[in-house]
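Peer 1: Next come the chains, spelled out residue by residue.
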Amino acid sequence: MKVAEIFKGPFLLPSFFAVLTILFPFLFSNYYVGLVIQIFIMAIFAMSLDILVGHTGLPSMGHAAYYGVAGYATGFLCLAGVKNFWLVVVLGMGLGGLTAAFFGLLAIRARGPYFMLITLALSQVLWGIAFKWRSVTKGDDGLPGIGRPEIGMGIDLKPDLYFYYFTFAIFLIVLVALFILLNSPFGYTLRGIRESESRMKALGYNVWLYKYVGFIFAGIFAGISGALWVYYSGFVNPSNFGVDLSVKALLMLILGGSGSLFGPSIGAGIIVLLENLVSGFTERWSLVLGIVYVTVIMLFSEGIFSVFKRGRN
Amino acid sequence: MAFWIIQILNGLSFSMLLFLVAAGFTLIFGLMKIINIAHGSFYLLSAYIGLTVLRATENFLLATIASSIAVVLVGIAMQSLFLRRFYMKELQQVLLTFGFVLIIADLCLWIWGGNPMALPKPSLFRGSIWIGSVVFPSYRLFVILVGVIIAVGLWIFQEKTKFGAIVRAGVDDEEMLRGSGINIQMVFVGVFGLGALLAGIGGMIGGPFVGVFPGVDISMLLLALVVVIIGGVGSLRGAFVGSLFVGLTDNFGKALFPELSLFTLFAPMAIILAIRPTGIFGKIEE
Numbered sequence: 000m001k002v003a004e005i006f007k008g009p010f011l012l013p014s015f016f017a018v019l020t021i022l023f024p025f026l027f028s029n030y031y032v033g034l035v036i037q038i039f040i041m042a043i044f045a046m047s048l049d050i051l052v053g054h055t056g057l058p059s060m061g062h063a064a065y066y067g068v069a070g071y072a073t074g075f076l077c078l079a080g081v082k083n084f085w086l087v088v089v090l091g092m093g094l095g096g097l098t099a100a101f102f103g104l105l106a107i108r109a110r111g112p113y114f115m116l117i118t119l120a121l122s123q124v125l126w127g128i129a130f131k132w133r134s135v136t137k138g139d140d141g142l143p144g145i146g147r148p149e150i151g152m153g154i155d156l157k158p159d160l161y162f163y164y165f166t167f168a169i170f171l172i173v174l175v176a177l178f179i180l181l182n183s184p185f186g187y188t189l190r191g192i193r194e195s196e197s198r199m200k201a202l203g204y205n206v207w208l209y210k211y212v213g214f215i216f217a218g219i220f221a222g223i224s225g226a227l228w229v230y231y232s233g234f235v236n237p238s239n240f241g242v243d244l245s246v247k248a249l250l251m252l253i254l255g256g257s258g259s260l261f262g263p264s265i266g267a268g269i270i271v272l273l274e275n276l277v278s279g280f281t282e283r284w285s286l287v288l289g290i291v292y293v294t295v296i297m298l299f300s301e302g303i304f305s306v307f308k309r310g311r312n
Numbered sequence: 000m001a002f003w004i005i006q007i008l009n010g011l012s013f014s015m016l017l018f019l020v021a022a023g024f025t026l027i028f029g030l031m032k033i034i035n036i037a038h039g040s041f042y043l044l045s046a047y048i049g050l051t052v053l054r055a056t057e058n059f060l061l062a063t064i065a066s067s068i069a070v071v072l073v074g075i076a077m078q079s080l081f082l083r084r085f086y087m088k089e090l091q092q093v094l095l096t097f098g099f100v101l102i103i104a105d106l107c108l109w110i111w112g113g114n115p116m117a118l119p120k121p122s123l124f125r126g127s128i129w130i131g132s133v134v135f136p137s138y139r140l141f142v143i144l145v146g147v148i149i150a151v152g153l154w155i156f157q158e159k160t161k162f163g164a165i166v167r168a169g170v171d172d173e174e175m176l177r178g179s180g181i182n183i184q185m186v187f188v189g190v191f192g193l194g195a196l197l198a199g200i201g202g203m204i205g206g207p208f209v210g211v212f213p214g215v216d217i218s219m220l221l222l223a224l225v226v227v228i229i230g231g232v233g234s235l236r237g238a239f240v241g242s243l244f245v246g247l248t249d250n251f252g253k254a255l256f257p258e259l260s261l262f263t264l265f266a267p268m269a270i271i272l273a274i275r276p277t278g279i280f281g282k283i284e285e
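Residue numbers (numbering that gives the first Met the number 0), protein chains in the order written: chain A, 0 to 312; chain B, 0 to 285.
To be clear, the hints were calculated from the coordinates, so they are not data collected in a lab.
One or more of the hints may lead you astray.
Listed below are the simulated DSBU-like cross-link pairs for lysine-lysine, each with C-alpha atoms no more than 35 Å apart in a straight line [stated by the list, open to error]:
#1 B:Lys32 with A:Lys131
#2 B:Lys120 with A:Lys200
#3 B:Lys159 with B:Lys120
#4 A:Lys131 with A:Lys157
#5 B:Lys161 with B:Lys253
#6 B:Lys282 with A:Lys131
#7 B:Lys88 with B:Lys253
#8 A:Lys131 with B:Lys120
#9 B:Lys161 with B:Lys88
#10 B:Lys88 with A:Lys137
#11 A:Lys200 with B:Lys161
#12 A:Lys82 with A:Lys157
#13 A:Lys137 with A:Lys157
#14 B:Lys282 with B:Lys32
#15 B:Lys253 with B:Lys159
#16 A:Lys137 with B:Lys159
#17 B:Lys32 with A:Lys200
#18 A:Lys131 with B:Lys253
If you want the footprint, here are the derived chain A segments under chain B, 3+ residues with CB under 8 Å [claimed, not checked]:
#19 28-35
#20 131-138
#21 219-227
#22 277-291
These numbers come from a predicted model, not from an experiment.
Note that CB positions come from ideal geometry on N, CA and C, so glycine has one too.
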């Protein structure tokens, strides 16, 4: 294969983005570097939710639960003096997965809107606990002063520039891991369940178990994003469990297109940019964002690319 | 003994407030399968509008009527202009209603500011009543009474009126209802308006003792969710029983273990979900 061929066809766009991402900090100011860090983290979060929404057909409305659990774990560990990133992130993933394992037992049996209702309620309860249990979580104030972790190899993550490349690397690892997971027989089974649960049952698959394991995987990957976010922002508070976060991830999936590899990341990019753009020029950004949500759904409810598809047909 | 009587009455009055909010939520969900995240926003909006009218007129009844009309109009507009286009598309509905949460919350913050406020009680119920040896604010008893009256009213509406029969038929088999020549869109709008009205009355009734402040919309939504999950989604009876349970548990939880009050709600919810995923009075899916 010639070198030129690699840059044709399906590899063109990803390699363009890869080059752009690597050069980005040299072209733009620190503010924009921070924005892209946020996009990476939110993309991991949205991708983890897409295991459920796009691939299994389980519209979870409480995905912030695992993000928040991992975030608080990161906060507590950091304040207790644990600096090692790998230890923290493995624990965060483990706790995210464990929470999902517990919530999954309660939620998976329900379907459609009932499933949404239960996942929403379970995550909201965690929000309430973080809010009310002041002696441990400091309530609304949250836990501030969480420093960047150490990853060994003599790299200091304190400057945003290094943290940028670090989150980019983690993002790529998650992307590859999810690609492998979702193109494995397991991933195909999940999509089979999405298309027809009864048929998969008739074929002898243990549908419940597949859904349950998918649910736990989603929690584990959400845990990575939760830990990264707390390291990036330096604090954790009940809003890490917020319904707005869970809903925002769903909006990312709808916008970017769920059930695809890059869709969630594109949605995450659009939403993060939009949020920062709006909050940059008006104090009433929450109001404007609400209007943006409504407008987006009214115009692009089948995804931002649906407009092009419509044109083509 | 006095402690228990006061706590039980407090819990009951809170239960009745929860019932008002949860009943509207469960009616909307039962018929249209819409998870209305903006349901708590009706509470918020109604309480603020009521507060403004109260300050101007000092008439609680007038304030209730004004705020009710306002939230019903908002609810009807939400259903007929926006949600209607996304019938049975749960994700889109959820995102739309969340957009309304942001819009209503920020508008309220803009207009009324961020300080917690309480509605003045209606002049008739400012005093206290002796129950045996216990002094108890009469307003709380009034709340219990209102809750019971509305619960009975809803029961009569659902079981004895034609519109109630149409709604019940819609919950069971919406396609057949359409086929029998009923204008289902009108039914949807009506039920959405009724749900908004109930949450709005909740805002007026709860305003004097829970108060109104940014964030109360999401707290009310959370409690309503727990209520309907315990009682069974779509069932008014379930909403009533669930409200009693949650109101009393929450009240005793707050009184006995202030910081852990949400665990005392969470544990029963988890147990009920484990035993009966559709709640105590919910229909069992096949």
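Peer 1: Does each hint fit the structure? Answer for all of them.
Peer 2: Consistency of the hints with the structure:
Straight-line distance between C-alpha atoms of Lys32 of chain B and Lys131 of chain A comes to about 31 Å, which keeps the hinted pair within the 35 Å bound. Proximity of Lys120 of chain B to Lys200 of chain A is assessed by CA-CA distance (about 58 Å); at most 35 Å being required, the pair is judged violated. Proposed proximity of Lys159 of chain B and Lys120 of chain B is supported: the alpha carbons are some 34 Å apart, at most 35 Å. For the proposed pair Lys131 of chain A and Lys157 of chain A, the alpha carbon gap of about 32 Å is at most 35 Å, so the pair holds.
The suggested pairing of Lys161 of chain B with Lys253 of chain B is violated, with an alpha-carbon distance near 42 Å, which exceeds 35 Å. This hinted pair checks out: Lys282 of chain B and Lys131 of chain A have alpha carbons roughly 33 Å apart, not beyond 35 Å. Proximity of Lys88 of chain B to Lys253 of chain B is assessed by CA-CA distance (about 38 Å); at most 35 Å being required, the pair is judged violated. For the hint pairing Lys131 of chain A with Lys120 of chain B, the CA-to-CA distance comes to about 28 Å; that is within 35 Å, so the pair holds.
Pair hint Lys161 of chain B plus Lys88 of chain B holds up; C-alpha atoms about 28 Å apart against a cutoff of 35 Å. Pair hint Lys88 of chain B plus Lys137 of chain A does not hold up; C-alpha atoms about 39 Å apart against a cutoff of 35 Å. Between Lys200 of chain A and Lys161 of chain B the alpha-carbon distance is near 42 Å, which puts this suggested pair outside the 35 Å criterion. For a cut-off of 35 Å, the pair hint linking Lys82 of chain A to Lys157 of chain A stands: about 13 Å separates their Cα positions.
Distance restraint check for Lys137 of chain A and Lys157 of chain A: the Cα-Cα separation of roughly 25 Å lies within the 35 Å cut-off, and the hinted pair is therefore satisfied. A threshold of 35 Å between alpha carbons decides the hint, and for Lys282 of chain B with Lys32 of chain B the separation of about 14 Å falls inside it, so the pair holds. Note on Lys253 of chain B and Lys159 of chain B: the hinted pairing is violated, with a Cα-Cα distance of about 39 Å set against a maximum of 35 Å. The straight-line distance between the Cα atoms of Lys137 of chain A and Lys159 of chain B is roughly 51 Å, outside the 35 Å bound, and the hint therefore fails.
A hinted pair counts as satisfied when its Cα atoms are at most 35 Å apart, and Lys32 of chain B with Lys200 of chain A qualifies at roughly 26 Å. The hinted pair formed by Lys131 of chain A and Lys253 of chain B meets the criterion: a straight-line CA distance of about 10 Å does not exceed 35 Å. Note: the region 28-35 of chain A has 0 residues with beta-carbon separation from chain B under 8 Å; the three-residue rule is not met and the coverage is violated. For the region 131-138 of chain A, the assignment as covered by chain B holds, since 4 residues bring a beta-carbon within under 8 Å of that chain's beta-carbons and 3 suffice.
Only residues whose C-beta sits within less than 8 Å of a C-beta in chain B count toward coverage, and the region 219-227 of chain A has 0 of them, not enough to reach three; the restraint is violated. Under a criterion of three residues with beta carbons nearer than 8 Å to beta carbons of chain B, the stated coverage of the region 277-291 of chain A is upheld, 7 such residues being counted.
The structure shown violates the earlier hints numbered 2, 5, 7, 10, 11, 15, 16, 19 and 21.
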